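Q: Residue-level listing of the chains:
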Amino acid sequence: EAGVAQSPRYKIIEKRQSVAFWCNPISGHATLYWYQQILGQGPKLLIQFQNNGVVDDSQLPKDRFSAERLKGVDSTLKIQPAKLEDSAVYLCASSSSRDTNYGYTFGSGTRLTVV
Amino acid sequence: KQEVTQIPAALSVPEGENLVLNCSFTDSAIYNLQWFRQDPGKGLTSLLLIQSSQREQTSGRLNASLDKSSGRSTLYIAASQPGDSATYLCAVRDNYGQNFVFGPGTRLSVLP
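If you read the protein sequences in the order shown, they are chains Z and P. Under this note's numbering, the first residue of the first sequence is numbered -7, with each subsequent residue one higher. Under this note's numbering, the first residue of the second sequence is numbered 4, with each subsequent residue one higher.
Just so you know, these hints were derived from the structure itself, not from any lab. Hints may be right or wrong, so weigh each one.
Said to hold, decoys possible - As a list, the in silico DSSO-like pairs of lysine-lysine whose alpha-carbon atoms are at most 30 Å apart:
#1 Lys4/P to Lys36/Z
#2 Lys45/P to Lys75/Z
#3 Lys71/P to Lys54/Z
Fair warning: this is a prediction, and the values are worked out from it, not measured in the lab.
Next comes chain Z alone, as it looks inside the complex (with noise of 0.2 Å):
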């Protein structure tokens, strides 16, 4: 069974400008998360996708974070502008209810580094 894939795998950009980044998770599971991790802390919910509507995009700072999963499979979760406390790691996972552990699978991250 294939992970979860992301990439890329590292970014830097200057503060102000936009990022994207993209994930594909396992095949057949139905949900996708975003998670931010700021060094050393835990990772932190940033929106969750069912198929391809939101279920949870409470502590996404809209104003210039957003996300999308088209046809319930790929997504991608854009910056624009970034600033400065943006930069961490953000991970992707994705689940299915039909895994009777209902556990997560994560992917490698994308390192995003705002100078």
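Since the structure of chain Z is already known, use the hints to place chain P on it.
A: Okay, now just chain P, sitting in the frame of chain Z:
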């Protein structure tokens, strides 16, 4: 709102020691709890998942226990090795939401 804490924040042990990592959560109405490992600069790798009806799960040298009523889980690592050096995170999925809430992690260093 579910809150997850982990103690200690960092731990350094000599190779071969058995060790215990602790995870506490505030709301006992959980669906399951998952332990992850994270190597520097990498994503999260699932280690063990315990359903709310289970008391423990084992995989090789790892054993995770769950005491839902007291809001605690422990991850026991037997005969630690330098390759076990990483950050260990626990995450709780509660009965109300569909996402996991993570603890801040315990950074483990196993010295040769």
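Q: Compare the structure with each hint and give your call.
A: Status of each hint after checking the structure:
1. Restraint check for Lys4/P and Lys36/Z: the C-alpha separation of about 14 Å stays at or below 30 Å, so the hint holds.
2. For the hint linking Lys45/P to Lys75/Z, the alpha-carbon distance of about 23 Å falls within 30 Å, and the restraint holds.
3. Of the pairs offered as hints, the one joining Lys71/P and Lys54/Z is violated, with about 35 Å between alpha carbons and a cut-off of 30 Å exceeded.
Hint compliance for this structure: hint 3 is the single one not met.
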